[in-house]
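Trainee: Numbering-wise (the working numbering), the sequence shown opens with residue 8 and increments by one.
Keep in mind that the hints were calculated from the coordinates and are not lab data.
Computed from a predicted model, the values in this text were never measured in an experiment.
The beta carbon of each residue, even a glycine, is placed where N, CA and C say it ideally should be.
Incorrect hints may have been included.
Stated by the list, open to error - Restricting the straight-line Cα-Cα distance to at most 25 Å, the calculated cross-link-like pairs of lysine-lysine (DSS-like) are:
no., residue 1, residue 2
1, K68, K90
2, K90, K119
3, K68, K87
4, K87, K174
5, K87, K119
6, K119, K174
7, K153, K90
8, K119, K153
9, K119, K68
10, K68, K174
11, K174, K153
12, K68, K153
Claimed, not checked - With beta-carbon atoms standing in for the labels, derived distance ranges:
no., residue 1, residue 2, range
13, S76, A190, 17 to 25 Å
14, R203, V66, 31 to 39 Å
15, A190, G148, 14 to 22 Å
16, K90, C124, 16 to 24 Å
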Amino acid sequence: MTFVPIAILVVTLSGLAFWATHRDKPLNMAQSQTGLTVTSAQNWKQHREDCVPYGAELVRKGILLPFDSPTPQIVHVACKTLKTEDEDDPICHTVCSGQFIGPGRVYLVHRKIEFECFGPPSRRLDAYLDLIFSDTFAIDGSRPNKCVRALAPNASVDWRGNLLVMKNVDQRREGEYEDASLADIEPVRAYFVHYRDG
8 MTFVPIAILV VTLSGLAFWA THRDKPLNMA QSQTGLTVTS AQNWKQHRED CVPYGAELVR
68 KGILLPFDSP TPQIVHVACK TLKTEDEDDP ICHTVCSGQF IGPGRVYLVH RKIEFECFGP
128 PSRRLDAYLD LIFSDTFAID GSRPNKCVRA LAPNASVDWR GNLLVMKNVD QRREGEYEDA
188 SLADIEPVRA YFVHYRDG
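Use the sequences and the hints to build the structure in full.
Mentor: Written as structure tokens, this is what we have:
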């Protein structure tokens, strides 16, 4: 008769139970401060704020404007370092595709926020903000963004899907990202208030 330790049996049964209840739900692999974790879509809302992308070359904090919540959230964003042909600016950072905004095949639009209140004569920001969103949000079935509606109820554009804000280290169009914070949200709100599509 083969003896199976109770601990192994319990771990195996709990793993099978997890698989049985989560096999039809998308999973996200991530590394948090407590180590490698697997999270289901149901608790991703709570987990994403302290989640650090596993195996990322470079991680910077960005501001997520979630479609399903009125509250902006600080998230860890995996970035890549690209080499450029510009001798004065030999590297630039770019957000890895497929994070927070649709699948990896989505074309990401980057809009530069340079001023406190959408252009002169307001104060020019020391570091521009990079607003990132899907190019097809208006036609791909994305749901209205509750966060943008809470920030700018009278916005003229029906922003949809998740939006992401990254912070550049200065005013260069292609440069290096630094960590953003919720203190950077006011120019973003002003952008939505004053922006006119087309």
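Trainee: Decide, hint by hint, whether the structure agrees.
Mentor: Okay, the hints, checked on the actual structure:
no. : hint                     : result
1   : K68 to K90               : 21 Å, holds
2   : K90 to K119              : 21 Å, holds
3   : K68 to K87               : 14 Å, holds
4   : K87 to K174              : 15 Å, holds
5   : K87 to K119              : 19 Å, holds
6   : K119 to K174             : 10 Å, holds
7   : K153 to K90              : 37 Å, violated
8   : K119 to K153             : 22 Å, holds
9   : K119 to K68              : 17 Å, holds
10  : K68 to K174              : 9 Å, holds
11  : K174 to K153             : 22 Å, holds
12  : K68 to K153              : 21 Å, holds
13  : S76 to A190: 17 to 25 Å  : 19 Å, holds
14  : R203 to V66: 31 to 39 Å  : 34 Å, holds
15  : A190 to G148: 14 to 22 Å : 34 Å, violated
16  : K90 to C124: 16 to 24 Å  : 35 Å, violated
When the structure is compared with the earlier hints, violations turn up for hints 7, 15, 16 and for no others.
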